[in-house]
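Student: Assemble the whole structure, with the sequences as input and the hints as a guide.
Okay, here's what each chain looks like letter by letter:
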Amino acid sequence: MPAPLVLHEDRLFPAEPTTRAIARRLFAQVKDLPIVSPHGHTNPQWFADDVPFGDPTSLLLIPDHYLFRMLYSQGVPMESMGIPRRDGGPTETDMRKAWKVLADNYHLFRGTPSRIWLDHVFATAFGLKVRLTPETADLYYDHIQDALKKPEFKPRALFERFGIELLSTTDSPLDDLRHHKKIRETWDRRVVPAYRPDNVADPEFEGFADNVRKLGEVAGEDATTWKGYIRALEKRRAYFKTLGCTSTDHGFPTARTADLDPAACEKLFAKALAGKCSAEEAELFRAQMLTEMARMSVADGLVMQLHPGSFRGHNPNLFAKHGRDMGADIPTATEYVNNLKPLLDRFGNEPNFTMILFTLDESTFGRELAPLAGHYPCLRLGPGWWFLDAPESMLRYRETVTETAGFYNTCGFNDDTRAFLSIPARHDLARRMDCNYLARLVAEHRIDEDEAADVAKALAYSLVKKAYKL
Amino acid sequence: MPAPLVLHEDRLFPAEPTTRAIARRLFAQVKDLPIVSPHGHTNPQWFADDVPFGDPTSLLLIPDHYLFRMLYSQGVPMESMGIPRRDGGPTETDMRKAWKVLADNYHLFRGTPSRIWLDHVFATAFGLKVRLTPETADLYYDHIQDALKKPEFKPRALFERFGIELLSTTDSPLDDLRHHKKIRETWDRRVVPAYRPDNVADPEFEGFADNVRKLGEVAGEDATTWKGYIRALEKRRAYFKTLGCTSTDHGFPTARTADLDPAACEKLFAKALAGKCSAEEAELFRAQMLTEMARMSVADGLVMQLHPGSFRGHNPNLFAKHGRDMGADIPTATEYVNNLKPLLDRFGNEPNFTMILFTLDESTFGRELAPLAGHYPCLRLGPGWWFLDAPESMLRYRETVTETAGFYNTCGFNDDTRAFLSIPARHDLARRMDCNYLARLVAEHRIDEDEAADVAKALAYSLVKKAYKL
Amino acid sequence: MPAPLVLHEDRLFPAEPTTRAIARRLFAQVKDLPIVSPHGHTNPQWFADDVPFGDPTSLLLIPDHYLFRMLYSQGVPMESMGIPRRDGGPTETDMRKAWKVLADNYHLFRGTPSRIWLDHVFATAFGLKVRLTPETADLYYDHIQDALKKPEFKPRALFERFGIELLSTTDSPLDDLRHHKKIRETWDRRVVPAYRPDNVADPEFEGFADNVRKLGEVAGEDATTWKGYIRALEKRRAYFKTLGCTSTDHGFPTARTADLDPAACEKLFAKALAGKCSAEEAELFRAQMLTEMARMSVADGLVMQLHPGSFRGHNPNLFAKHGRDMGADIPTATEYVNNLKPLLDRFGNEPNFTMILFTLDESTFGRELAPLAGHYPCLRLGPGWWFLDAPESMLRYRETVTETAGFYNTCGFNDDTRAFLSIPARHDLARRMDCNYLARLVAEHRIDEDEAADVAKALAYSLVKKAYKL
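Chains as they are written, first to last, in the working numbering: chain A, 2 to 471; chain B, 2 to 471; chain C, 2 to 471.
It is worth saying that the hints were derived from the structure and are not from the lab.
Any given hint could be a false lead.
Remember, identical chains collapse to one label, so a pair may be satisfied in a single copy or spanning two.
BS3-like mimics (lysine-lysine), calculated; alpha carbons at most 27 Å apart, straight line [as the list claims (entries may be wrong)]:
no., residue 1, residue 2
1, LYS467, LYS101
2, LYS182, LYS242
3, LYS342, LYS322
4, LYS458, LYS101
5, LYS101, LYS151
6, LYS467, LYS32
Tutor: Right, dumping it as structure tokens:
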């Protein structure tokens, strides 16, 4: 007899009864608020074409590097999970077998957010009532497979069922945004693009020069000159805005910014295009580009998101075999105070400018980010990101950030996911943890309950809309 | 009907009933102990002249960069709060209007210590019974304005009512300490100076050379030579001691120390006086000066306080408009283990030497500071400072420091404030959080309650007196 | 009437009653599991010769730098505790007097793990029923002294009474392991060596060249050439394996690794032997040696332990007077992501390779170590180490590591002690804290209790055996 799968109504609330009761009351006021998802990596084609999702493995395991990195870390071969190889070499094609690998190793996720999200998806999206174990693997596979054939599991139906008010994807300036156009023309829900120019702004990005050439083409500019390149970037921003875009996103290795004169920019850009930048010059070019992007944001009002500090593709053997985004991106220590100064010196006090900062280095939350956001009018703090979007790290985020930056310099929750089905699970978790934190403040008489309820609603809904100018 | 303002008697204690009851019992033993405030930034003239304080805004908002930085971070102009401009440009002069700006934005402080301190001041110092909101702004302004005219709200009366046993100010070696002299001559309470020589020990301080010249004058030494400069510093220390000073205070950007030979010192000093130090040389000079100060402390017994790691004046536009201490000082990563070594190599084992270390970089509490303080006889750890003097950070401080350094290598609480009225609030908060922490240890049978009570009393009163040699 | 010494049966469990009851149930399932101690610093001669331990001070105070560093930090002279001097200068020889110094200062350990361990030893190993205080110092001394004369307090009897299944010591490659041989020949319990080659792999280790010469002798190789040196290291590993060794241990200042070509290795080795390495070259040599050790581990299966980040002997005056391991080792900020890359690039995906990482820099747990261990199949995370093997730091370890790396990339508990009698106390504490953490997950419905029980057993027993290939 398999173990039951139960989502307890008090999950993620503190056990202490007085505090739990407060958390319940606060959560009751936010649980049904619409979901606003201003930053994520879902595929706009899903909503443009509204084709049913495929099998459970292709939907839930293969695109989710959170999942397969954990199995890989325990010696499970990537191929056994059906992860494709770049060389077309053999990989599991029987999706049921690959699903069984997940089921066999499901215990590895105990204590992780992946477990909480998946169980939420299983229980609420699919109505499963037993735990995923080696014994229930087939039952799961069949049940999910059947569900995915039904109309109510098509992408648009799920979007509506999930109560999503707005969903942003993340898109290259080279993208023609055809899916976004189609969505606008054929559906009344808001799916918008975000402008992510890393592939045309980082000289070390694969194919940088080629990407810049394409940028010139799509923008109708001569992007081989610094001025034409800048104009091309600006024109693509304007184009993105026509399709509802309100934000840009930047994922460089560091938060370094620079403020070079135009001659130096031209020279550096020429070197970058010629593929002749040293590592330091490539870093300087990226640094300058962040300041350029800030300048453009002051002009066009797009909200600038900065996500530094990930060492991408740390495992070259895995990269050679399977490519990018395979769970081998590792955070590094990240510095903001000195690095952001050139940009902030120019634009830190601009009323029309919003820059949202993220980090993978928790030690900066209290030391650097909260003090910066607690002073500069342009700065807001993004929520815990990637490795930090889990119960304990969310609590630590509130505990280290709030006392210096308050609640109103943060901007709600970002699910940042490519796992579309997990969006409600992630927002549920985030809202519960914010209520958990607030309930403790109320129980310890550090804030009155009416004020905590105001804050809970702001964190779940209004702050994100304000920060992202939605 | 406005929301009530209530200071709950169990505020800041854990909600779990057994633990809360222990916290209550511990707190009952420390709540009425006298306040010892060995480090702060109140104005000695208040106590020398005992002139009534002015209006609510000038007393509570304008001098408190904790408050206006938060409002500024949300786009509130400095001028609208009545913050003066260096160029004499227009700024709000209607103090009631500026007060209204604070009231309108009071929700920004939810979850911050500023809120806890202010509410404590409003409730206990002024007897206010409703919450500060846009609607009660005028009621507050009038009520506080009226109170400030009464004799029991004059500085000395408040000092006595607050139960302050000793208060230290922070003073320049160039200061003639006339207010301290007047206090000694006309009042029987202890207000003492602390010796803060940053303006004459940091070549990058504004007006360094001029300050050194003045130092020579007030000390009657030729401070243009290294030896005369050192003698002048020593003589000013001796003078400060005659007015009750027991400590020095040093706020350099890093904790770097050096141990140069006299010839190198002379050369570096000449460069510093000539304004020709490179950034590295300025850093080296400061490093040497910390070691010189330690040497002097070994000789004269003054306790040395070190507060490194703040990037002062990070926002140059704000600095140009409003000057120093405007909420734009941002912490940076701080290193102690290598940086302090030259100084500790010379004086780390001296029985007559006490150095109290502070940090704005929490990651050093457990990693560097507690291990250093848990070994070197001269070292003590200051409490959480500036951005870290709040409930959560105080708990983290105890949780990361105690297991390695114990309680007895820490030295009680420092309010470090220029907001005189908040001193009782800050000590109340610190004592409650220490009892909160100790109560958990007792409830989890990690310490017996009689021992916890001893510790609570030491943290509230005796350790600070011992550490500061009071 | 002295205060009682009571080990409460619920000690270290959360106070909240529901959570505490869960912790109790979980702990009941692990408390009697055998102790596996794969990393520590006990003396194998104790178990080889089974000679009774001496007096209380020599057994409990003098070898324990956790204890005397704390007393030293408060101004207690090392000599007064009977700590020997290198120059043979005067030191306390009356062990009862030295014990009294500990008793007089026992309050300094309030809130530290030393206090918890010592009280556990006093209560369970010796059956003491009153607290150690200045008044009970003699009672303690006499009671322990008497006990140590009894057969049930001889090393082997204690080992059996403690329920130790396996104990690893830490040994130099130069050691002939005679005590381990004798244990194997005369006793049926498992005491095994671990291979710690720092003294022959670090050019800055005292006597490096001489140690390498001896290495050649014991291995029967010409260790003056790079190839012979490498062969000698390999042969000693093979020899250690014959006596049950399954792991190596490396305690360099940083985690830096390198992957030099053989010619560069030869050249660097020659410089190291000649004592002509610069600091950077010594660091590079150590970096290369870590990669060599990894290569050997891939070949021979020994599990590789890496403990970087301690600044050894920070206090030169103390070192001159008393030598190594006197409580003056201080952690420093430690970097793993870039430093380990050369090694991981070569061996990170090897199925036969296990590397266990430790840190003294907590900020790396969530930022670097958990993401690395949550990806690389060779990596496992060691438990909180040294300054981090205490209740609060154990909780923080689980809270920051689990969400990214799960439980199964960690490897149980390491007592890492030279205080033999404290081994049961340390494992008791670790098991209780893991149950404390798990109980909260259960109470907050983040994991079901049956799964938590599985995890608790894995953390207490099975994971360590798997990770260390026991």
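Student: Each hint should be assessed against the structure and marked as holding or not.
Tutor: We went through each hint and held it up to the structure:
Proximity of LYS467 to LYS101 under the C-alpha cut-off of 27 Å is restricted to the inter-copy arrangement: shortest distance 24 Å between copies versus 44 Å within a copy. For a Cα distance limit of 27 Å, the shortest separation of LYS182 from LYS242 inside one copy, 12 Å, qualifies, whereas the shortest one across copies, 67 Å, does not. Taking the shortest Cα distances, LYS342 and LYS322 sit within 27 Å of each other only across copies (18 Å), while inside one copy they are farther apart (40 Å). In the homo-oligomer, the alpha carbons of LYS458 and LYS101 lie at most 27 Å apart only across protomers (25 Å), although the nearest pairing inside one protomer, at 41 Å, exceeds that limit.
In this assembly of identical chains, LYS101 and LYS151 lie within 27 Å of each other by CA distance solely inside one copy; the values are 23 Å within and 58 Å between copies. Within a single copy, LYS467 and LYS32 get their C-alpha atoms as close as 20 Å, which meets the 27 Å cut-off; across copies the closest is 43 Å, which misses it.
Of the numbered hints given earlier, the model fails none.
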